[in-house]
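Visitor: Here's the letter readout for the chains.
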Amino acid sequence: MTKNITINLISGRTIQQGVAIEGGKEKANYRTAAGIIELDPTDLKRLGVWKNTNVRVTSPYGNVIVKAIETTQGPHPGVAFIPMGPWANSIVDPNTYSTGMPTFKGTPVTLEVTPNEPIMLGIQLVQKQCGVKSE
Amino acid sequence: MTKTVTDVICPFCGTLCDDLEVVVSDDGKKLLEVYNACVIGTEKFLHSQSADRVTRPRMHQEDGSWKEVSYDEAVEYTAQMLAKAKKPLMYGWSSTNCEAQSVGNEIAEISRACCDNTAAVCHGTTLIAVQDIGLPTCTLGEVKNRADRVIFWGCNPAHAHPRHMSRYSIFPRGFFTGKGQMSRKLIVVDPRTTDTAKMADVHLQVEQGRDYELLDALRVALKGEWLPDEVAGIPAEKIREAADVLKSGRFGIIFFGMGVTQSISKNHNIDAAIALTKDLNEYTKYSIMPMRGHYNVTGSGEVFAWQFGFPYAVDLSRGFARYNPGDTSSIDLLTRGEIDAMFTIGSDPGAHFPISAVKPIANVPSVCIDPHLTPTSGVSKLHVPVAFNGVECGGNCYRMDNVPIDCRKVVEPPEGMLTDEQFLIKVRDRLKQLKGAA
Amino acid sequence: MSEYLIKNGHVFDPVQGIKGDKKDIAIKDGKIVDKVGSGAKVIDASGKTVMAGAVEIHAHIAGPKVNLGRIYRPEDKLFSCTPTHGMERMGGGASIPTTFKTGYEYAKMGYTTAMEAAMPPLFARHVHEEIRDTPIIDEGAFPVFGNNWFVLEYLKNQEVENTAAYIAWMLRVTKGYAVKVVNPGGTEAWAWGLNCLSVNDPVPYFDITPAEIVKGLIEANEYLGLPHSMHIHPNNLGNPGCYETTLDTLKLAEGYKAKNTFGREQVMHLTHSQFHSYKGTNWGDFESGAKEITDYVNKNKNITIDTGNVTLDETTTMTADGPFEHHLTGLNHLKWANCDVELETAAGVVPYIYSPNISVCAIQWAIGLEIPLMMKDPMRCYITTDHPNAGPFTRYPRVIKWLMSKKARDTQVNAFKHKDKVLSQTSIGELDREISLYELAQMTRAGPAKSLGLTAICGGLKPGMDADVAVYNFNPDKPVANPDDIETAFSRCAAVFKSGVQVVSNGEIVGTGNKRTLWVNVKVNDNPQVMRDINEKFVKYYSMTQNNYEALGHHFVPNPFALEVDATQA
Numbered sequence: 001m002t003k004n005i006t007i008n009l010i011s012g013r014t015i016q017q018g019v020a021i022e023g024g025k026e027k028a029n030y031r032t033a034a035g036i037i038e039l040d041p042t043d044l045k046r047l048g049v050w051k052n053t054n055v056r057v058t059s060p061y062g063n064v065i066v067k068a069i070e071t072t073q074g075p076h077p078g079v080a081f082i083p084m085g086p087w088a089n090s091i092v093d094p095n096t097y098s099t100g101m102p103t104f105k106g107t108p109v110t111l112e113v114t115p116n117e118p119i120m121l122g123i124q125l126v127q128k129q130c131g132v133k134s135e
Numbered sequence: 001m002t003k004t005v006t007d008v009i010c011p012f013c014g015t016l017c018d019d020l021e022v023v024v025s026d027d028g029k030k031l032l033e034v035y036n037a038c039v040i041g042t043e044k045f046l047h048s049q050s051a052d053r054v055t056r057p058r059m060h061q062e063d064g065s066w067k068e069v070s071y072d073e074a075v076e077y078t079a080q081m082l083a084k085a086k087k088p089l090m091y092g093w094s095s096t097n098c099e100a101q102s103v104g105n106e107i108a109e110i111s112r113a114c115c116d117n118t119a120a121v122c123h124g125t126t127l128i129a130v131q132d133i134g135l136p137t138c139t140l141g142e143v144k145n146r147a148d149r150v151i152f153w154g155c156n157p158a159h160a161h162p163r164h165m166s167r168y169s170i171f172p173r174g175f176f177t178g179k180g181q182m183s184r185k186l187i188v189v190d191p192r193t194t195d196t197a198k199m200a201d202v203h204l205q206v207e208q209g210r211d212y213e214l215l216d217a218l219r220v221a222l223k224g225e226w227l228p229d230e231v232a233g234i235p236a237e238k239i240r241e242a243a244d245v246l247k248s249g250r251f252g253i254i255f256f257g258m259g260v261t262q263s264i265s266k267n268h269n270i271d272a273a274i275a276l277t278k279d280l281n282e283y284t285k286y287s288i289m290p291m292r293g294h295y296n297v298t299g300s301g302e303v304f305a306w307q308f309g310f311p312y313a314v315d316l317s318r319g320f321a322r323y324n325p326g327d328t329s330s331i332d333l334l335t336r337g338e339i340d341a342m343f344t345i346g347s348d349p350g351a352h353f354p355i356s357a358v359k360p361i362a363n364v365p366s367v368c369i370d371p372h373l374t375p376t377s378g379v380s381k382l383h384v385p386v387a388f389n390g391v392e393c394g395g396n397c398y399r400m401d402n403v404p405i406d407c408r409k410v411v412e413p414p415e416g417m418l419t420d421e422q423f424l425i426k427v428r429d430r431l432k433q434l435k436g437a438a
Numbered sequence: 001m002s003e004y005l006i007k008n009g010h011v012f013d014p015v016q017g018i019k020g021d022k023k024d025i026a027i028k029d030g031k032i033v034d035k036v037g038s039g040a041k042v043i044d045a046s047g048k049t050v051m052a053g054a055v056e057i058h059a060h061i062a063g064p065k066v067n068l069g070r071i072y073r074p075e076d077k078l079f080s081c082t083p084t085h086g087m088e089r090m091g092g093g094a095s096i097p098t099t100f101k102t103g104y105e106y107a108k109m110g111y112t113t114a115m116e117a118a119m120p121p122l123f124a125r126h127v128h129e130e131i132r133d134t135p136i137i138d139e140g141a142f143p144v145f146g147n148n149w150f151v152l153e154y155l156k157n158q159e160v161e162n163t164a165a166y167i168a169w170m171l172r173v174t175k176g177y178a179v180k181v182v183n184p185g186g187t188e189a190w191a192w193g194l195n196c197l198s199v200n201d202p203v204p205y206f207d208i209t210p211a212e213i214v215k216g217l218i219e220a221n222e223y224l225g226l227p228h229s230m231h232i233h234p235n236n237l238g239n240p241g242c243y244e245t246t247l248d249t250l251k252l253a254e255g256y257k258a259k260n261t262f263g264r265e266q267v268m269h270l271t272h273s274q275f276h277s278y279k280g281t282n283w284g285d286f287e288s289g290a291k292e293i294t295d296y297v298n299k300n301k302n303i304t305i306d307t308g309n310v311t312l313d314e315t316t317t318m319t320a321d322g323p324f325e326h327h328l329t330g331l332n333h334l335k336w337a338n339c340d341v342e343l344e345t346a347a348g349v350v351p352y353i354y355s356p357n358i359s360v361c362a363i364q365w366a367i368g369l370e371i372p373l374m375m376k377d378p379m380r381c382y383i384t385t386d387h388p389n390a391g392p393f394t395r396y397p398r399v400i401k402w403l404m405s406k407k408a409r410d411t412q413v414n415a416f417k418h419k420d421k422v423l424s425q426t427s428i429g430e431l432d433r434e435i436s437l438y439e440l441a442q443m444t445r446a447g448p449a450k451s452l453g454l455t456a457i458c459g460g461l462k463p464g465m466d467a468d469v470a471v472y473n474f475n476p477d478k479p480v481a482n483p484d485d486i487e488t489a490f491s492r493c494a495a496v497f498k499s500g501v502q503v504v505s506n507g508e509i510v511g512t513g514n515k516r517t518l519w520v521n522v523k524v525n526d527n528p529q530v531m532r533d534i535n536e537k538f539v540k541y542y543s544m545t546q547n548n549y550e551a552l553g554h555h556f557v558p559n560p561f562a563l564e565v566d567a568t569q570a
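Protein chains in written order, with my numbering: chain X, 1 to 135; chain Y, 1 to 438; chain F, 1 to 570.
The following block holds chain X by itself, in its conformation from the complex (with noise of 0.2 Å):
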């Protein structure tokens, strides 16, 4: 059984996410940094999903897909995490209310589970959605 769930989501920097932009933002490695969203457990079993699974995200703003993986750094139910990155950006809230800066902490987002969608490599998915063709 899946539904969709809503979640507040944050984004952020990881250490593997640190790494991977160094190793290069073209690479897969990127994508298997920065291309997840880390649930709690609660939040996972709320959606119906095994761990490991594709899911779209979908904001006001947006939406994307990402691997659900289970949080290193929890609990915390209710919030899910994206690390920082084109796959946050793609959904994140844009607004900066006059502010100079985007509320990349606390957009609600909603959950779908979505097993077969492919996780599209960093730059093309940025490519993509300007509407500029990939290599």
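Hints are computed from structural coordinates only; laboratory data are not their basis.
Since we're looking at a predicted model, the values are computed, not measured.
Where hints are given, some of them may not hold.
[Said to hold, decoys possible] Output of the computed footprint for chain X on chain Y, the stretches with three or more beta carbons under 8 Å from beta carbons of chain X:
#1 60 to 69
#2 352 to 359
[Claimed, not checked] Below 27 Å or equal to it, Euclidean Cα-Cα: the simulated BS3-like pairs (lysine-lysine) are:
#3 Y:Lys198 x X:Lys67
#4 Y:Lys198 x X:Lys51
#5 F:Lys301 x F:Lys19
[Said to hold, decoys possible] Which bits of chain Y does chain F cover? Going by a derived footprint, with three or more residues having C-beta under 8 Å, they are:
#6 95 to 102
#7 135 to 146
#8 282 to 288
Just so it is clear, CB atoms sit at the ideal spot from N, CA and C, and this is done for glycine as well.
Got chain X; can you put chains Y and F on it based on the hints?
Guide: Positioned in the frame of chain X, the structure of chains Y and F alone reads:
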């Protein structure tokens, strides 16, 4: 045989570790091993010489492929782009040295550009708060030598500044802190039980986005006044206990990061945190310090400030410097469609801006100066690879506590590759010719 | 290089004792010379005043606290931006100008040399980057020593020779110019939120008194024979009654004689003396202590002072006297910035509005003028505003107006809301003295240059000296119709030369020259103990490695000028 270069500065994050040792081949050309760096810094050094590195500028073609061009052609495109644009944006600057930033400022002044650095998505809101309320702070050595109360608020150094705790904030045995970690009490405030929180004496698992209330509650608790039973998900007794821990120290430091700069109250969060620090100075000695992300975003702010008067979001389009975050800041300029040319250097807005601010970049003439392939280069018209600053060229950088350290050159860049500064000088000189100001 | 002849001006040069005679000044290859050929470019200085370029002995114009002030005060740029034009880069900032604007504004007023008053050594690279980006004027920077852990430990043990060796090392690695002391001991105490308010208050843990620190640094300075003397901002700045702490500090210089080959005669330079000349016990009975301070300095000739004039502007205070700034924000509740610097010092920044409607500010203004008017030897009293603390340096022409015109002073006194209090708490109403142009040249050129040990180089118009020359649209033969004309004349020079290059013409920048960074290179005997102590503290306590601390490459100091000192026979 090999040689070891010592006192190498790591060009990744605002911790700006300067104790790295890099082993290079005897002819000085190959980088072999890195000691003392965290895993991210190590990757930066070791990956800099990977075989698949792009070594020449390239223009993006309609069909998505890239055509290699010479540096001179790249200079020409860039200078023409800036000369023709009415309101170009020159963004980034945080992963390059101050010498390059300074040349960039000359270019921005000649082309009447908007110029901005990665504080836009990091500590820009901190700067706004500092401009409202001030900033009691210190250098990291003061933390090492004196601090017995350390607070990490809305930051996760275990992941983002991996050697911070061992070099400065938790483990060092300083002059007045001979017991190292045992000399200090650590409080972590974070909605998640992060790897940093796991080391804390006290973890306040604040409700995400409600830091402002908790900061305010701590100020109230310091004064011993009434509190509701719970604030931001933290019970009142826990808040009072935390306030007592803070007050009982003799030198405290609050480190803070994106958890408070990027969540909904933004600069107001920082204002409250600085106000808490000021209040604590009525009882004992406290300082507060932003955990700066890129290794030289602080430097970019310093150079902008001494040359133009403002630390980021600088608009030179009228021939003199103006500053108004929300108006002159990069994301707002882009999403309002005000930018007609994009110049990116030492940063990756393609990956780190919300996508609605990246789409405009793809629709205008654009240059991306970066040794790496990134989402920004992927949507720019011209990609100019340059030497890795801090690895293949030296130059001054500023640490998160504003201390300047001159990065070292460890190995040569690839044959024929320019540094940021060299490329920018060529662009500046060509731009001067185009504008008749030579 | 070019030849110039500045013809027929009224020359005021205390170095040669010229008091307004009409003389030609000849410039060739960057120096003043006796005469030049017929091909020389002629600058007609008829009816104008000609002096050497002025020398700023103490201002905060380059470094981390200056820039912190710029960063946290965007409002300082609101009405003071200047666009890119001609040779000038754009600029902004009323109390804390950007670096380009700083250079242009000093040059336009005829200043050609300036000293950054306080360099935190850990931040030397920052200070030098800003100095490099300040066009035209030669600059030097004073590293601070009065709260430095090495100095506190050595002087506690009375190890003057080791202190001297450490100073020599520090001047070399920071390319510093002099021994600066700010709130001795008190700023180390401030790292714990405490202070030293008298010369006898011991520093927490280090257990040494400010008096011992000051005396030890005087001795070390003379041991080395540096061009400048120890330069001090005493304890207890800005508090009613502080004049007693100032006298206690001044008395520490008794018995010491200056030892150097640079013509310097003082062993102590007391800076921004206005802030240290307060009598009374609170802000209500606050009154001037200028008489007590100037009486002492008049009698004790081994001391020089600068004024620290309040200009009655909105400005920004910034000082290494960290505890003072915390105290000030407690008084005016304006935003407070602070930075404690490991092992070395601290800094604080707080905006301040010297309102003519506030009696305290008006009395401060009066004290700043009483001091130079009561000092008998203009060669020992120099005009400053402790920029930007008492006011922006761009107000020097206004200060000059007040000093040269009793009428101008009276106009200001009459405009004060609390005029009666100003007259009762100070003697400004009774002082008739108007300083002459010759005295002005002593107080802004020859005097500061001599105090700094730069007599051979600048501050005068003697052949052989650097061709730093300022020509003012001020005719000494004409009576002054309106004192404001003095201010106008000294605001924008008719011409300014720096090292023989014309940089200003009719108040506009026409050249930027090739500014130098002045520093002092002291040769001392090898001192393995001190080198080992330095090494140990870097390994254990600093947050930077010693090699990185010592790295001050060419790109920071592109045009260094070292004054060489040989202290090996000391």
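Visitor: Look at each hint and say if it fits the structure.
Guide: Verification of the supplied hints:
1. 60 to 69: It holds: at least three residues are needed, and the segment 60 to 69 of chain Y offers 6 whose Cβ sits within less than 8 Å of chain X.
2. 352 to 359: That given contact holds, which follows from 8 residues of the segment 352 to 359 of chain Y lying within Cβ reach (below 8 Å) of chain X.
3. Y:Lys198 x X:Lys67: holds, 25 Å
4. Y:Lys198 x X:Lys51: The given pair, whose Cα atoms are some 23 Å apart, holds under the 27 Å limit.
5. F:Lys301 x F:Lys19: It holds: about 24 Å lies between the C-alpha atoms, which stays within 27 Å.
6. 95 to 102: This one holds; 3 residues, not fewer than the three required, reach chain F with a Cβ under 8 Å.
7. 135 to 146: holds (count 11)
8. 282 to 288: Contact hint for the segment 282 to 288 of chain Y vs chain F: holds, 3 residues under 8 Å.
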